[in-house]
Each structure stands twice: as structure tokens, then as C-alpha cells.
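Make the full structure from the sequences, and use the hints.
Protein chains in written order, with numbering that gives the first Met the number 0: chain A, 0 to 99; chain B, 0 to 99.
None of these hints come from the bench; they were simulated from the model.
Chain copies aren't distinguished; within one or between two, either way the pair holds.
Below 20 Å or equal to it, Euclidean Cα-Cα: the simulated DMTMM-like pairs (lysine to aspartate or glutamate) are:
1. Lys97 x Glu19
2. Lys39 x Glu3
3. Lys39 x Asp6
4. Lys97 x Asp57
5. Lys97 x Glu48
6. Lys97 x Glu18
7. Lys33 x Glu3
8. Lys39 x Glu90
9. Lys97 x Glu3
Please read all numbers here as calculations on a predicted model, not as lab measurements.
Number of protein chains: 2
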Amino acid sequence: MILELADFRIQAGQNTAFEEAITRAAQTILSKAKGFQGYKINRCLENPERYLLQVFWDTLEDHTVGFRQSEAFTQWRAVIGPFFNGAPVVEHFDLVAKSA
Amino acid sequence: MILELADFRIQAGQNTAFEEAITRAAQTILSKAKGFQGYKINRCLENPERYLLQVFWDTLEDHTVGFRQSEAFTQWRAVIGPFFNGAPVVEHFDLVAKSA
Chain A
0 MILELADFRI
10 QAGQNTAFEE
20 AITRAAQTIL
30 SKAKGFQGYK
40 INRCLENPER
50 YLLQVFWDTL
60 EDHTVGFRQS
70 EAFTQWRAVI
80 GPFFNGAPVV
90 EHFDLVAKSA
Chain B
0 MILELADFRI
10 QAGQNTAFEE
20 AITRAAQTIL
30 SKAKGFQGYK
40 INRCLENPER
50 YLLQVFWDTL
60 EDHTVGFRQS
70 EAFTQWRAVI
80 GPFFNGAPVV
90 EHFDLVAKSA
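Following this line, the structure appears as C-alpha cells:
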């Protein structure tokens, strides 16, 4: 399993609308992608215009090729892109350890 | 519940030793702190000297006051601090939404 971590900054005053939009898009678009296992959306306490999206994928390519090159990605970015304040930062991670 | 996200850069060539040290310290020190719920340690694919530690706490103060001001924090940093390449970046997050 691979963790995708997307770090978003959004425009001020848009928190409620952004949270509704990204949650709906995660449920209706992202969750139908091949290799999708789950997601979490977190809001930063120190900077309330910063959000982290974690997406769990079967493989790296399920995200970088399968999803990114699909029509679903265009739909996904059409929903969340208008809220962005700057380009998102997206990286991928392996799990090293976790609590039982 | 609050998510603490700690972003670490370590010195080159220390991956195995760091992973063993932080996993052991998470199990033996961090997991005994008041308000601790769980942890995950992830390694970045794009930059293998970068790690993310996620710690789930009952409240923000369980981390920022209870743990940070305890003798256990001194022990924790004594174990993982020698691996650092630069100061860690630590922020806190609320959960907005997640998959079922």
C-alpha cells in the first residue's frame, strides 16, 4: 500500500464550501478509482487554510498513472481546483511502522 | 481527536538505524503518554531521507503540554534527535472527513 499526501492551501473564507466539495468529490469520484483503498481529510490548526488529503492506494501507479491520466482526475480537479491558493504539493510514502 | 504531524529529515545513510530507533521509541516511550491513541511512521518515496510521524492524541494539550513538558519527551528526543538533519516541523490537524 502507498500513501499519497496532498498538501493544499485554499483561499480565505472558503473552508465550509471547500470541505463540502472535497468530501463529496472524494466519495463520488476518488473512491471509484482503480486501486483506491481509502482517504482522510485533515485541517491544520496552526493554519486553517491548509488541508492535508491522505489517499491510500494499492500501488504508486494506481495514483500517478491510473488516476492522474483518467477523466475522473479532470473531474476531481474541476471540483477542488477553484479553491486552491497556490499549487498543491503531492508526495508519496511507504508505511514503516504503526501502532497495533 | 487531534493529529500531530511531525516532518523529519534525517542524515543520509541512516534509514535502517533511524527506523529501528523511532519504532522502538514509539512503542516504549510515546505510547505510554497520557492521551496517546496511536501512531504511524511513513517514509517518503520522492525523498527517502524524509519521514512523517503521525501521532493521534485525545487533545492538543496532551501533546503540547502533557508530553512536551514531560521527562518522556526528553528521552524520546534523545533517541531520535541524533538522526535529524535540520529541525523537525510539527503541526496539528483536525479530522474533516474520512472514508467509511
